[in-house]
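S.K.: First to last, the protein sequences are chains A and B.
Terminal number for the first sequence in the numbering used here: 415, no gaps in between.
Terminal number for the second sequence in the numbering used here: 247, no gaps in between.
Simulated from the structure, these hints should not be mistaken for laboratory data.
Keep in mind that the hints are not guaranteed to be accurate.
What the hints assert, rightly or not - Some but not every residue of chain B turned toward chain A, in silico, with C-beta under 8 Å:
1. R75
2. L127
3. L131
4. Q142
Everything numeric in this text was worked out from a predicted model, so none of it was measured.
Ideal Cβ placement from N, Cα and C applies to all residues, glycine included.
Okay, here's what each chain looks like letter by letter:
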Amino acid sequence: MNLSRFFIAIVRQELQVAFKRWGDLASPLMFFVLVASLFPLALSPKHEVLRNLGPAVLWIAALLATLLSLNALFRTDIEDGTMEQLVLSPYPLPLAILGKTVAHWLLNGLPLVVLAPVLAVTYYLPEDGVRALSLTLLLGTPTLSLLGAAGAALTAGVRQTGGLLALLVLPLMLPVLMFGARATDLAGAGEQITGPLYLLGALLLLSLSLLPLASAAAIRISLD
Amino acid sequence: MTNQADGLTAIELTLWRGPNCLFEELSFEVAAGSLLLIRGPNGSGKTTLLRVLSGLTRPETGRIAWCGESIEKNRQAFGAQLAYFGHTNGLKADLTVTQNLAFAAQLYGQSGEQIPALLDALNLTLCADLETRYLSAGQKRRTALARVLMSPARLWLLDEPVTNLDKAGREYVIERLCSHIAGGGLAIAATHEDIRLENHRQSEILLGDDL
Numbered sequence: 192m193n194l195s196r197f198f199i200a201i202v203r204q205e206l207q208v209a210f211k212r213w214g215d216l217a218s219p220l221m222f223f224v225l226v227a228s229l230f231p232l233a234l235s236p237k238h239e240v241l242r243n244l245g246p247a248v249l250w251i252a253a254l255l256a257t258l259l260s261l262n263a264l265f266r267t268d269i270e271d272g273t274m275e276q277l278v279l280s281p282y283p284l285p286l287a288i289l290g291k292t293v294a295h296w297l298l299n300g301l302p303l304v305v306l307a308p309v310l311a312v313t314y315y316l317p318e319d320g321v322r323a324l325s326l327t328l329l330l331g332t333p334t335l336s337l338l339g340a341a342g343a344a345l346t347a348g349v350r351q352t353g354g355l356l357a358l359l360v361l362p363l364m365l366p367v368l369m370f371g372a373r374a375t376d377l378a379g380a381g382e383q384i385t386g387p388l389y390l391l392g393a394l395l396l397l398s399l400s401l402l403p404l405a406s407a408a409a410i411r412i413s414l415d
Numbered sequence: 037m038t039n040q041a042d043g044l045t046a047i048e049l050t051l052w053r054g055p056n057c058l059f060e061e062l063s064f065e066v067a068a069g070s071l072l073l074i075r076g077p078n079g080s081g082k083t084t085l086l087r088v089l090s091g092l093t094r095p096e097t098g099r100i101a102w103c104g105e106s107i108e109k110n111r112q113a114f115g116a117q118l119a120y121f122g123h124t125n126g127l128k129a130d131l132t133v134t135q136n137l138a139f140a141a142q143l144y145g146q147s148g149e150q151i152p153a154l155l156d157a158l159n160l161t162l163c164a165d166l167e168t169r170y171l172s173a174g175q176k177r178r179t180a181l182a183r184v185l186m187s188p189a190r191l192w193l194l195d196e197p198v199t200n201l202d203k204a205g206r207e208y209v210i211e212r213l214c215s216h217i218a219g220g221g222l223a224i225a226a227t228h229e230d231i232r233l234e235n236h237r238q239s240e241i242l243l244g245d246d247l
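All chains, full assembly: derive it from the sequences and hints.
M.R.: Dropping the structure here:
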């Protein structure tokens, strides 16, 4: 079997398993929808207040929803021994980790990208702002998944992670949050957002090229 | 110590776990067509030694060579020759027996057409479409064994291969072990039970107090 077929097999298996566990899959998304839709109810109903706060709230909710979904990322794989099998297989481990991360993004990141524009309506975001929100989330959430996977790999061997994972990856996720929320804000005010978009793209490429290698090394250490 | 061209060689392995020395300067060779039993009481480091041999755990000193080449340097080539039957079964609890095995077949680059026959031989046909979380301990073990049996690997690392199996299952495993070894394969099994193969080369390592 060649590498691309291996990659597809990993993604497929992850999706198969995830669809058997609807509850785990839905709870981070529920969290995102609840936080994002409760803010407009608690804040002042003035359009300009909501419009100013909207990008930040939506982005923070997306970031926290991603964090919520990370804890279980490699834990069951390690507990049931399937990770050992992947480590010992003749295929490169970073590719397997990348496959699992891509599946994580398809299940957690992509729904956020789809849901956010719908929720943006409650914040009276202008059309440009909504478009920027979708674009920045599309570029930003894969980076969040990759960073989260590295953190999950590092903490996979720890018994009680508690807030450790969040503490570890949150600082690394901040640039994505800042560029994402700021670009959405700027676009809403009619400004150019090419700069932040390029930076988000650069962050994504950097994470994509380096983090699967780091995650694989961390998994090896966790299993030792 | 000669570097055997075809087989697994362990050279002066030492591993400590906390204050306990599990093994010190342990050297042995497993040649093609033979079985090595790792025996010892619970907690004597049988599983750990198997993990070291698979490359999952790094020993403090010493090295392991497969066909004369260090396994650390040739991880992929070694991985293609290795079937590891660990203390965990390596099955996804949410997937069915067939789905689990089909995934393993894909990893081995096989079509998976031998799965029904294998399930039949292991007496698993009735639970083929059951999620593995509903299986008994023995049935899970059998499913994990099916994965080893369909792998093209020459080296089998087996952790307690016959525990939790009934008499028929045990006999089937030993029969397959014999044919694997007769075909030039190697097997290393950690067990606290006695496995005897008729007419096949077999050696033993004892871990623990009586070492």
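S.K.: Against each hint, give a clear statement of whether it holds in the structure.
M.R.: Now the hints, each set against the structure:
no., hint, verdict
1, R75, "violated, 23 Å"
2, L127, "holds, 6 Å"
3, L131, "holds, 6 Å"
4, Q142, "holds, 5 Å"
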